[in-house]
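Novice: Listed below, chain by chain, are the residues.
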Amino acid sequence: MKWISKDVQTFLSAKEYIDTAIVPLYSISLEAELKQSAEAVEFISLLTAQVERQFAGRLLLLPPFTYLKKASSEITAEQLKNWELSLAAAGFQHIFYLTADAEWRRQEEKYDGSFIWLPAIPLESMSDGQKITLVDSQVSQLLPLFTQKWQENQGK
Amino acid sequence: MSKERVSRRQFLSYTLTGVGGFMAAGMLMPMVRFAVDPVLRAEEGGEFIATTQKVADLTDEPVRVDFTFKQKDAWYESDVTQSAWVYKGDDGKVVALSPVCKHLGCTVNWNSNKEHPNQFFCPCHYGRYEKDGTNIPGTPPLAPLDVYPYKEKDGYLYLGKAEPRKEA
Ligand code: FES
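Those sequence lines, one after another, are chains A and B.
Sequential numbering of the first sequence, starting at 812, is according to our numbering.
Sequential numbering of the second sequence, starting at 17, is according to our numbering.
No wet-lab data here; the hints were simulated from the structure.
These numbers come from a predicted model, not from an experiment.
Watch out, some of these pointers could steer you wrong.
Unchecked claim - Restricting the straight-line Cα-Cα distance to at most 27 Å, the calculated cross-link-like pairs of lysine-lysine (DSS-like) are: (1) A/LYS813 <-> B/LYS86; (2) B/LYS86 <-> A/LYS942; (3) A/LYS942 <-> B/LYS130; (4) B/LYS169 <-> B/LYS70; (5) A/LYS817 <-> B/LYS177; (6) A/LYS813 <-> B/LYS70; (7) B/LYS86 <-> A/LYS817; (8) B/LYS88 <-> A/LYS960; (9) B/LYS70 <-> A/LYS942.
So here's chain A without its partners, still in its complex pose:
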């Protein structure tokens, strides 16, 4: 489900089936890394859209958690923690964060959700065909991460 009124409506009426939330983490830089920041956003948004299409019935794709690269990492980390707590309180059993920002590696243990790191691949110089192949292959590597998590928990 996407964060749009129609999907959210379905979500509300079928909550018991939708136990997974995806939150893209976007680091914004207006300085030297502006370009990388844009590339990462572009790539992650394409990927999350594909993942959402595959698993629309079981997950809710939230609007991205966006923060300034230069902001204090403690404050950013705490804000994300707040998101996590709210999502857990809303009944989500699985939370996935998709990011290209290696900074989160140092914070990872503080969260129950799973981090998925993605390379920031510059798509600009690629043809449409190349883009599709690239995104498809990335997505097919991502999907098992979700199904595995679901299976693990089912066994419990």
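With chain A fixed as given, assemble chain B with the ligand onto it according to the hints.
Specialist: This is chain B with the ligand only, laid out in the frame that chain A set:
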């Protein structure tokens, strides 16, 4: 000047209705929204979209066929990609099924669950369908997979808008 499409008087009356018409619009919203849902609108009129699949290459094993078309949603146009599971049935007729699970809309895969071979499998809540799209009782989906109408043109497969399967 070329001919005006909206006369000034008409335009003025549009702008004026805008204000009072707003509340009426609120009441109509649910119905209108349904009627003009962009997904439905883009494909109305039985438009068929070309795929890169040659009909002659199809076998009795379902293959995934992706196709892309433009969808206009108010002020932007976007490319929408949809998929179909396509194979040739016993009678040699093409069967093109929508991969969208009738439970809550995940994408179903062919033959991806080892315990249940030769079925369509939904990874989300383990919904299953027979090869012909019939939902298997006891799994979450309550209806068979939608079916795409198709056409063959110059050897290639063209797909229309997926429809719920008519009961035989
Ligand atoms: S969305 Fe396919 S079984 Fe629930």
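Novice: State for each hint whether it applies.
Specialist: Hints, one by one, checked against the model:
1. A/LYS813 <-> B/LYS86: Holds, at roughly 20 Å.
2. B/LYS86 <-> A/LYS942: Holds, at roughly 18 Å.
3. A/LYS942 <-> B/LYS130: violated, 31 Å
4. B/LYS169 <-> B/LYS70: Between B/LYS169 and B/LYS70 the Cα gap is close to 9 Å, so the pair holds against 27 Å.
5. A/LYS817 <-> B/LYS177: holds, 20 Å
6. A/LYS813 <-> B/LYS70: Violated, at roughly 34 Å.
7. B/LYS86 <-> A/LYS817: Holds, at about 21 Å.
8. B/LYS88 <-> A/LYS960: Violated, because 37 Å separates the two Cα atoms, which is more than 27 Å.
9. B/LYS70 <-> A/LYS942: holds, 24 Å
In the structure shown, a violation is registered for the earlier hints numbered 3, 6 and 8, in ascending order.
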